[in-house]
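All chains, full assembly: derive it from the sequences and hints.
Protein sequences appear in the order of chains B and Z. For the first sequence, our numbering begins at 1 and goes up steadily by one. For the second sequence, our numbering begins at 1001 and goes up steadily by one.
For the record, the hints were derived by calculation from the structure and aren't laboratory data. Just so you know, nobody snuck in bad clues.
The calculated lysine-lysine pairs, modelled on BS3-like cross-linking and capped at a C-alpha distance of 25 Å, are:
hint, chain 1, residue 1, chain 2, residue 2
1, B, K2, Z, K1042
2, Z, K1042, B, K98
3, B, K45, B, K79
4, B, K106, Z, K1042
5, Z, K1057, B, K42
6, B, K42, Z, K1083
7, B, K42, B, K106
8, Z, K1078, B, K98
9, B, K2, B, K106
10, B, K42, Z, K1078
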Amino acid sequence: RKEVEQDPGPFNVPEGATVAFNCTYSNSASQSFFWYRQDCRKEPKLLMSVYSSGNEDGRFTAQLNRASQYISLLIRDSKLSDSATYLCVVTLLYNFNKFYFGSGTKLNVKP
Amino acid sequence: EPEVTQTPSHQVTQMGQEVILRCVPISNHLYFYWYRQILGQKVEFLVSFYNNEISEKSEIFDDQFSVERPDGSNFTLKIRSTKLEDSAMYFCASRLGLAGAEENEQFFGPGTRLTVL
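Below, the structure is given as structure tokens:
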């Protein structure tokens, strides 16, 4: 079973749309959660950490549901520049020595 | 803004040859990582390194792989005898590693594209 699973997409949305991605994780001991974005053939870049109470950064909102073992990312008012692959990343309780990456969800924002 | 750097950006080698991929982590960071990403696939953890020793490694990181921090700034990944399936993008990352959520962010370098012929 995969540690982290994501819908690969692609999600094709018009500019200005709201789009949401989910990510499920298999290990209940997972403790820290992150969303990264990766542009084609580039390195992953941290978008936001996901806190237990949920958190928002501008147009981006991240939520954690421990009971169902998933995290979500909501993007409001999509911009063309949001087109990328969004990676869900999980690490286990106190073990920041190993990070588990999902395969990513591809987002295409169209004009 | 401090950043992780990697050299070379692209390495082409013949099967069976040794390669060394180089990384300069962010200067005050304490934890270092290597990942690989085969084209079209997910980012895969290879190894983590702290206090001059390996903290954790994946099944991919077999005896053909080794890591070293030869001085205070460089962090290297060596592949002793490359195989065709080692062709991938290799990312180095570093993390500050103190208590607190922000300190658990990993910062990635731009990657080295390894092509094994």
